[in-house]
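From first to last, the protein sequence lines are chains L and B.
All residue numbers for the first sequence refer to this note's numbering, where the first residue is 1 and numbers rise by one.
All residue numbers for the second sequence refer to this note's numbering, where the first residue is 1001 and numbers rise by one.
Worth flagging that the hints you see were computed from the coordinates, not collected in a lab.
Note that the Cβ used here is the ideal one computed from N, Cα and C, for glycine as well.
Warning: the hint list may mix true and false statements.
Unchecked claim - Between beta-carbon pairs, the in silico distance windows are:
#	chain 1	residue 1	chain 2	residue 2	range
1	B	1237	L	68	30 to 36 Å
2	B	1086	L	68	40 to 46 Å
3	L	80	B	1073	31 to 37 Å
4	B	1242	L	41	24 to 30 Å
5	L	72	B	1009	48 to 54 Å
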Amino acid sequence: MDTIVRIPAALRTLTGGADEVKASGKTVGEVIEDLERRHPGLKDRLLDEKGVRRFINIYVGEEDVRFTGGLATELKAGDQISIIPAIAGG
Amino acid sequence: MSVAQELREARVLVVGIGGLGCPTAIALARAGVGTLGIADDDEVDLSNLHRQILFDDADVGRPKVPAAAAALARLAPEVRVERHATRLLPSNAVELVSGYDLVVEGSDNFATKFLTADACAIARRPVVHAAAVRWHGTALAVGPEGGPCYRCLFEDVPLENAPNCAEAGVIGPVVGVVAAAQADLALSMLEGRASGGGPAGELFTFDGKSLAVRRRRIPRRKDCPLCGDGPRIRDIEPKRYVEGIACPDRKETTWTPS
């Protein structure tokens, strides 16, 4: 099952500039593994050894995966994943 | 009291008078906010001018706070500007934010962002955070009661490279949009609309490439160290705000669209 993943501007150097990419998997964790296969380097920007990096938020639809089971969060057809990194600047 | 009177009596602290702080301060001053405090310790640089719209070429090399105060006096003579020629520091943060009704924070580093969040929670002051890097911007309003807060969203000062450091750079129009959102959220908070379905606790995101705007309600984290059920942060410990290696090779770049 393909899921649309919205890529924030800061990570688009890893996706050839694409702001949305497809990846497949039944869970958020599987989708990130597939993202890594398609766009090497992305996983390391999102996860550390403990899970989702603390300055990254991953949403499925409008839900922060921290509250829905983390990387084990299951995906349904049509779900979209958004990645929101902490940024400082202006 | 009318809204105009409420605004005239309002005191707002602008933390960082940069790409976000400049347009936000103008918007608030022209909306009728009576007193603006400005806290910054930086000087105007030529590379600031494409987005820091209170300054012009003649200001390059001047400290930002008096330059901004002079520009605001020209643009909105009725606003009272209080100058704080310092950045927000662990030693002054709580006292500084306590003197105001609302804080708008658009600083360029994570240590100041987290320090502002913590000081406002301790002083029970509402705060509107904003940030913009390259084509991406965010804004978040936090109510005086504390949560959901910045630490519910981003837990702590990054110890590793945050994703944007290497590519840091700021697109003027993106900053302008995010600053407008920040000022809008600040005025909403000042008008008291925060109670009951107001903007507090909603994350505004803007993608400058697609012009997509999204708002999502963020939940309060029960284990948030600042506003959770057993908060650990009750005072300002300087060691908590050591960014140091968060952006080791950060350089300011200006117009570098990709």
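Status of each hint after checking the structure:
Checked against the hint of 30 to 36 Å, the pair residue 1237 of chain B and residue 68 of chain L passes, with Cβ atoms roughly 32 Å apart. Hint check: residue 1086 of chain B to residue 68 of chain L, Cβ distance near 42 Å, so the stated range 40 to 46 Å holds. Look at residue 80 of chain L against residue 1073 of chain B: about 48 Å separates their beta carbons, and that is not inside 31 to 37 Å. Between residue 1242 of chain B and residue 41 of chain L, the C-beta spacing of about 28 Å keeps the proposed range 24 to 30 Å intact.
In this structure the supplied range 48 to 54 Å holds for residue 72 of chain L paired with residue 1009 of chain B, their Cβ-Cβ distance being about 51 Å.
The earlier numbered hint that this structure contradicts is number 3, and it is the only one.
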